[in-house]
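There are 4 protein chains.
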Amino acid sequence: MKKKLYEDRLEALEHELVAMARWAKATGERICVLLEGRDTAGKGGTIKAIADRVNPRQCRIVALPKPSDVERTQWYFQRYVPHLPAAGEIVLFDRSWYNRAGVEKVMGFASDTEVDKFLREVPVFERLLVDDGIRLFKYWLSADQAHQEERFAERLEDPLKRWKLSPIDIKARTKFADYSAAREAMFAATHTDHAPWTVVDYNDQKHGRLTLIHDLLDRLPDTHIPDQPLDWPALDHAPLDEAFDLLRPIAPYPLDD
Amino acid sequence: MKKKLYEDRLEALEHELVAMARWAKATGERICVLLEGRDTAGKGGTIKAIADRVNPRQCRIVALPKPSDVERTQWYFQRYVPHLPAAGEIVLFDRSWYNRAGVEKVMGFASDTEVDKFLREVPVFERLLVDDGIRLFKYWLSADQAHQEERFAERLEDPLKRWKLSPIDIKARTKFADYSAAREAMFAATHTDHAPWTVVDYNDQKHGRLTLIHDLLDRLPDTHIPDQPLDWPALDHAPLDEAFDLLRPIAPYPLDD
Amino acid sequence: MKKKLYEDRLEALEHELVAMARWAKATGERICVLLEGRDTAGKGGTIKAIADRVNPRQCRIVALPKPSDVERTQWYFQRYVPHLPAAGEIVLFDRSWYNRAGVEKVMGFASDTEVDKFLREVPVFERLLVDDGIRLFKYWLSADQAHQEERFAERLEDPLKRWKLSPIDIKARTKFADYSAAREAMFAATHTDHAPWTVVDYNDQKHGRLTLIHDLLDRLPDTHIPDQPLDWPALDHAPLDEAFDLLRPIAPYPLDD
Amino acid sequence: MKKKLYEDRLEALEHELVAMARWAKATGERICVLLEGRDTAGKGGTIKAIADRVNPRQCRIVALPKPSDVERTQWYFQRYVPHLPAAGEIVLFDRSWYNRAGVEKVMGFASDTEVDKFLREVPVFERLLVDDGIRLFKYWLSADQAHQEERFAERLEDPLKRWKLSPIDIKARTKFADYSAAREAMFAATHTDHAPWTVVDYNDQKHGRLTLIHDLLDRLPDTHIPDQPLDWPALDHAPLDEAFDLLRPIAPYPLDD
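The listed protein sequences derive, respectively, from chains S, Z, R and B.
For the first sequence, numbering that gives the first Met the number 0 begins at 0 and goes up steadily by one.
For the second sequence, numbering that gives the first Met the number 0 begins at 0 and goes up steadily by one.
For the third sequence, numbering that gives the first Met the number 0 begins at 0 and goes up steadily by one.
For the fourth sequence, numbering that gives the first Met the number 0 begins at 0 and goes up steadily by one.
Treat the hints with care, as some may be off.
Note that identical chains are pooled: a pair holds if it fits in a single copy or bridges any two copies.
Straight-line distance between alpha carbons at most 30 Å, and here's what the computed BS3-like set of lysine-lysine pairs gives [to be verified]: (1) 174 x 24; (2) 116 x 3; (3) 174 x 3; (4) 1 x 170; (5) 170 x 3; (6) 160 x 65; (7) 24 x 1; (8) 3 x 65; (9) 24 x 160; (10) 24 x 116; (11) 160 x 116; (12) 160 x 2; (13) 163 x 205.
Since the hints were derived computationally from the structure, they do not count as laboratory data.
Please model the complete structure; the sequences and the hints are all you need to start from.
See below:
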């Protein structure tokens, strides 16, 4: 997808994102979006596209590191709960409690018993959040292995992206079909009326992003909250310059060397 | 500053950012960066430029909403402390505990006594963090009012940026000099040997960003941690396609209407 | 019930409590006990009787103050979740999430809609905890109004207990029947197979305490974990006295005046 | 000390404790009490004596388990800070951040460098709390080894107290003098004007308790807040009995067997 076309369409959606955030703030709505998918699917880029247009004090990105030894013994959902949205907040989960049904299952970090228990528990947990009025959205970003391989190759070659590759990624390549099977089991157990999954084709990441954001906006009520009118008088003095007394700005980064 | 030149120079710095993050992870270093400055100065854009190149599980952005009624009665620093970095983490504060010496002081949300107490307390608090081995960086992003007015005008006109304007911003315009005075008092009290302020000229935001990131990298040790070598064998089968059973991807966002 | 008899019987139960705590620690079991009942029922005394015999690093008492303004907008259970037990812990809730179905309902602090939602949600929430392996016990301490009035009278007269009386207590007296009705609705909705209520007669508080503790112990598996054998050699020197250099003990509280 | 005399004197102090708690609540004062001392010194009993007379929603006991692996890499004080008192709260620390200068130092769990750093940091940290208006009290409970040995012997023999003995206690016996030396170093570094230590003789635990509680009360302002007058009308109906519909109380614990 051409960059120009993408930016053009994205801008249209961004206007709606801004309106949606205003609505959430005015009404105290709580919005919780989970992004799942294989490595390289495009979760991070989508989160940035959304977060870019919302006040960071209203929009939180949650990307939890691995659990501590104590957390590992707690109720599985316990470490996620403190991050759920309060009134007016939009929370974007970059991976989520579904780790257990995906990477932990396929890589053997969780036992079959634990995964089965999780799959039984998760619709119950989500039911609670939804019944409480939290608007929960669960997206699965889908890409074929050929695309994944391309993006892996890019990461291998580009030192700026190299950090995105981990030893787990290498193993994951040979388990593409296992991931598919795990995902289908996850869908079978957790695609519920109250918290359905939405699969988005991310073979073209830009197009995928537009589709996802459009879908999210489409499923939220279109309640227009007018902008607060701002009275913006002219300054009654010439614009002031910064005047430093104690400290001075450091030398600017040299542009020609 | 030209976009092309900016992107070119930024990329050079991004390579160092990636190396720095690898070093922090390998050594368990803890890095804490505070970004302060007037509205429109460019804090958010700088944070994004840094966070873009670091694993979100390693790099957290902290932009706290206003305190709850209970938090307001606690030790002033109490609500910030849980966000301090653990081993290997880089935490970027979009505004910080310095709110009290800036907006709270100028807008009258904190009494003079509270501000004075804060100014006495903060070097002590920061001393603790630094003595514990946390690497603390405090940046003040500086821009003249003429630039600020331009950016305000942009926000007024651009519906995508309109949300960045608040009633407080309107009042703040008429208090430019008060902010300057508050900042000087803040520098006088909190520019210490163990936790000095760094002022960066953000009249040109792109140039400011390069200067700040370069300065940050320059002040961290240049310890090279080699990339983990990754053995990346060819797949022993043709790339697989996604195969969905239970659910299908939703219709892509229509590009021509 | 005579004090001597009570102490005698309590001691027998305390031996079992100690064994139970050892078992929980050794196996990583998680035990969560909720104590509910009208004011004066005897929740606090029961909690103390249990906590007295367990390492405070293993046994936590949770008596939450009223929610902050932000907490009030979160998922109802969110502020309780961080207090759930980790491996080996015993958590005693002095009142719990059931506030909503009791005092909040009767005093009108929660709307009927909120209470109904809560009553639908709570079996789902508890299901999750139980499915995760947390051992959840829910006790309702029952006392007739004549006993309650006696205890209120005691609190009114005894300056050491006066603080236990609040303006809400006064109102609650005239709503004894409303509380009964609210409790019955609560039982109807939340007495489930996976998390049943246990009612204990606390008209005699000492007897009630024995009954409750005995019931709790009876429902936990009787797995005996032997005490770690401790090799306790004689000191190879005369016992040492405290020797202070910098500071001395303060004067002891004068016993005769 | 005779039990009768103890109870008599304690009761006098309890009246003041109740008044103090009322004062803290009315004024929003924050009170933070640290109890340190060798094993068997009497920390737990003192905490119970205080907490017994204060609303558990106002008075929290903090007895932290050992840190998680992630906490171990954070700022040393980070895991303690969330437990500091909010307005009106009284927090009792059963051991505290001083672990590092005591058991960790003597048993070799912290390196000399870490202990030295801690000893430099702690007056700075406490300074902050005190400057913020938190009333901080630090008690060291002192007992000679002969008394400690007696209490150890009691714990060895009494199955109800056996759990209080740990393998660390055995080692600690042979390190009585090391603990003394560590304590003196701790006093030298942390007995400050803003947060002094108070040593209390606990060779007689009951007497020690009276001394400590009296000292604590003596150092808080004696501001009398009158009890809220409560209008307590007679019930306009005969006292009601509990009437259960769905569930019945379980059988009471049998008293004669």
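Hint by hint, here is what the structure shows:
no.: 1; hint: 174 x 24; verdict: between (43 Å within a copy, 27 Å between copies)
no.: 2; hint: 116 x 3; verdict: neither (47 Å within a copy, 48 Å between copies)
no.: 3; hint: 174 x 3; verdict: neither (36 Å within a copy, 41 Å between copies)
no.: 4; hint: 1 x 170; verdict: neither (33 Å within a copy, 43 Å between copies)
no.: 5; hint: 170 x 3; verdict: neither (37 Å within a copy, 38 Å between copies)
no.: 6; hint: 160 x 65; verdict: within (21 Å within a copy, 36 Å between copies)
no.: 7; hint: 24 x 1; verdict: neither (34 Å within a copy, 37 Å between copies)
no.: 8; hint: 3 x 65; verdict: neither (38 Å within a copy, 38 Å between copies)
no.: 9; hint: 24 x 160; verdict: between (36 Å within a copy, 16 Å between copies)
no.: 10; hint: 24 x 116; verdict: between (36 Å within a copy, 23 Å between copies)
no.: 11; hint: 160 x 116; verdict: neither (36 Å within a copy, 39 Å between copies)
no.: 12; hint: 160 x 2; verdict: both (20 Å within a copy, 22 Å between copies)
no.: 13; hint: 163 x 205; verdict: both (19 Å within a copy, 26 Å between copies)
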